[in-house]
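Colleague: Chain by chain, the residues run as shown.
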Amino acid sequence: MVDRDEVKRVAKLAMLELKEGQIDKFAAQFNEILDYMEQINELDLSNCEAAFHITELQNVFREDEVKPSMDRDVILKNAPETDGESFKVPKVIER
Amino acid sequence: MFYKKTLHELMELVKNKKIKPKEVYDSVLDRIHKKEKEINAYVTVFEEYEENASGGELLGLPIAIKDNMHIDGKPTTCSSKILSNFVAVFDATAVKKLKESGATFIGKTNLDEFAMGSSTETSYYGVTKNPWDTARVPGGSSGGSAAAVASGEAIAALGSDTGGSIRQPASLCGVVGLKPTYGRVSRFGLVAFASSLDQIGPITRDVRDAAILLSIICGHDPMDSTSANVGCEDYTKYLDRSISGMKVGVYEAALRDCDSDVQKAMDDSIKILESLGCEVKPIELPHAKYAVSDYYIIAPAEASSNLARYDGVKYGFRASKFDDLRDMYIKTRSEGFGDEVKRRIMLGTYVLSSGYYDAYYLKAQKLRYLIKQDFDNIFKDFDCIVSPTTPTEAFKIGEKADKPLQMYLSDIFTIPANLTGMPAISVPNGLGDNGLPLGLQIMADAFREDVIFKVASAFEKEFNLRDKLPLD
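Chain order of the listed sequences is A and C.
Start counting the first sequence at 38; every next residue gets the next number (our numbering).
Start counting the second sequence at 13; every next residue gets the next number (our numbering).
Please keep in mind that the hints were generated in silico from the structure rather than gathered at the bench.
All C-beta atoms, glycine included, are put in the ideal place defined by N, C-alpha and C.
Treat the hints with caution; some may be incorrect.
[As the list claims (entries may be wrong)] The calculated label-pair distances, taken between Cβ atoms and stated as ranges, are:
| # | chain 1 | residue 1 | chain 2 | residue 2 | range |
| --- | --- | --- | --- | --- | --- |
| 1 | A | Glu100 | C | Arg268 | 30 to 38 Å |
| 2 | C | Gly410 | A | Lys45 | 27 to 35 Å |
| 3 | C | Ala320 | A | Asn96 | 20 to 28 Å |
| 4 | A | Ser106 | C | Lys46 | 41 to 49 Å |
| 5 | C | Cys244 | A | Asn96 | 19 to 27 Å |
| 6 | A | Leu80 | C | Ser317 | 24 to 32 Å |
| 7 | C | Pro298 | A | Asp108 | 47 to 55 Å |
| 8 | C | Gly410 | A | Lys114 | 19 to 27 Å |
[To be verified] Partial chain C-side listing against chain A, Cβ under 10 Å, derived:
| # | residue |
| --- | --- |
| 9 | Val101 |
| 10 | Asp103 |
| 11 | Tyr302 |
| 12 | Ser316 |
| 13 | Leu319 |
| 14 | Asp323 |
| 15 | Phe334 |
| 16 | Ser346 |
| 17 | Leu374 |
| 18 | Lys408 |
| 19 | Ile409 |
| 20 | Tyr420 |
| 21 | Ala458 |
[Stated by the list, open to error] So these bits of chain A aren't anywhere near chain C, every CB distance computed over 12 Å:
| # | residue |
| --- | --- |
| 22 | Val103 |
| 23 | Gly121 |
| 24 | Glu122 |
So that you can see chain A by itself, here it is in the shape it has in the complex:
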């Protein structure tokens, strides 16, 4: 059962903030969804393999070669704030 506190805990983990009215709504919706998902507990999965991927692919390696990457000004083009060389964020270290 997901209650208000649990919704707030998960929101915090996900770096989200919910409006007051949203908390109860989300809790009710999560409970409905998780109740439906209870159906998977009918199955005994204790001896099953987990399919973390479904393709036949193994690790994909490549040569460790230096290749040109995107230009800095291209990468900075979409940034909300830059100093022309780096992304700028609010100050995090107090002097």
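We have chain A already, so just place chain C on it with the hints.
Modeller: Chain C in isolation, oriented as in the chain A frame:
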């Protein structure tokens, strides 16, 4: 009236110098100007024709691209406020391949925010309407692409499919939608939703156009290490073939959850397949009924990780008021994401969080393996599996908007192909009781798009909606 024609008809006309690609572009643009207010299929329309002189087989003809794939120099919004100011700085591989094959682009189509939805109602840019009945949803998440192709606002389009996002809207809009095998098409430049499930594919007015586009966009790509290193081919060679002797499995248990007109359409399509010489038999997929639960654990888990990158630092929207760095992240994400995206990020965070990982995520991965085994077993004896694409016709706008579980259940038949990686197509399967399109889904084993094209092409010859599309 060039906008009414299929891609292959237009390729023929341009090749024979009967028309110029710019005339087709203008015709589609006119149609957009006429219909867009009503349909809202696009986030961005490219009003200027940019010639493609590469001489490739598409000969400058326009394609629409779902707005979660990059076209260099054009906006990619994912229909989200958080990317509302984002301009792509490179081409998605599928887009690059289209360019190299001579395509031009007419615009970026609307989607559910970050492709999370089955109705295109969660877009920051407003709901897309179903061109068959504008009070209804076009499906989703590639609802913009499907509505554009069905209404003549595009000749053909690319969509992406994580749990049915190409096939379900194609079905609800009466057009053809193909989700290729996982790894068949590079995902490089497709904004990630759930990386182990996402796949790019075409939405078109007929099966031939789907084959033409898949032949162009498929292939191994070093920029996507999950793209399969398998040969690509010209899939049009599988069209117009006899399918006599093909073994077709019918997922009958699925039909119990369907509306009666959907069941009747299935009965009719089975008769057609039998008349074409197919050996049609019912099959059992014991774990398929758990697919929605499985998907809504795995997909949100992957999404919660993928969407952690939106933090207001590197690109996109940043909140204007905040106290410090942490608060900047929180405010940016809380103002930038819509409710459904928040819900899925949180659902994913929940199932991955300490204490719940084993109960949900690990179990879901095990279940995914069982579902895959069900299908592997069937494909030992059968060439393909058919089912309805969706349990109902297009639902009304607003009908499921505040009922996430009901919305999730509309993907019940399409999700297994994503969980197992196998290819699946939706082709028009007539009209239901309300005169709205229904779809037939054909699924085949991994990398057996050849089977899909053979069956879809033969079926389409017997039965299609070509003359009924809302193109007037």
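Colleague: For the restraint on Ile409/C, tell me whether the closest CB of chain A is nearer than 10 Å.
Modeller: Violated: closest Cβ of chain A sits about 20 Å from Ile409/C, beyond 10 Å.
Colleague: Over 12 Å from every CB of chain C: does Gly121/A meet that, or does the non-interface label fail?
Modeller: holds (15 Å)
Colleague: For the hint on Leu374/C, just tell me whether its beta-carbon gets within less than 10 Å of chain A.
Modeller: holds (6 Å)
Colleague: Given a hint of 47 to 55 Å, does the C-beta separation of Pro298/C and Asp108/A actually sit inside it?
Modeller: Cβ of Pro298/C to Cβ of Asp108/A: about 54 Å, so the range 47 to 55 Å holds.
Colleague: Check the following: the C-beta atoms of Gly410/C and Lys45/A are separated by a distance inside 27 to 35 Å.
Modeller: holds (29 Å)
Colleague: Taking 19 to 27 Å as the stated bounds, is the beta-carbon spacing between Gly410/C and Lys114/A within them?
Modeller: Violated - the Cβ-Cβ distance for Gly410/C and Lys114/A, about 38 Å, lies outside 19 to 27 Å.
Colleague: Would you settle whether the hint for Asp323/C is holds or violated, based on the nearest Cβ-Cβ distance to chain A being less than 10 Å?
Modeller: For Asp323/C, the interface hint holds, since the closest Cβ of chain A sits about 8 Å away, which is under 10 Å.
Colleague: Answer holds if the nearest beta-carbon of chain A is closer than 10 Å to that of Asp103/C; otherwise answer violated.
Modeller: Hint violated; Asp103/C Cβ to chain A Cβ min 13 Å, cut 10 Å.
Colleague: Ser346/C was flagged as interface toward chain A. Is the shortest Cβ-Cβ separation under 10 Å?
Modeller: Interface hint status for Ser346/C: holds (4 Å vs cutoff 10 Å).
Colleague: Is the gap between the beta carbons of Cys244/C and Asn96/A within 19 to 27 Å?
Modeller: holds (23 Å)
Colleague: Would the hint on Phe334/C be counted as holding, given a Cβ-Cβ threshold of 10 Å to chain A?
Modeller: Nearest chain A Cβ about 7 Å off; hint holds.
Colleague: Quick one: work out the minimum CB distance from Val103/A to chain C and report holds if it exceeds 12 Å, violated otherwise.
Modeller: Nearest chain C Cβ is 15 Å from Val103/A, so the label holds.
Consistency with the previously given hints fails for numbers 1, 8, 10, 18 and 19, ordered from lowest to highest.
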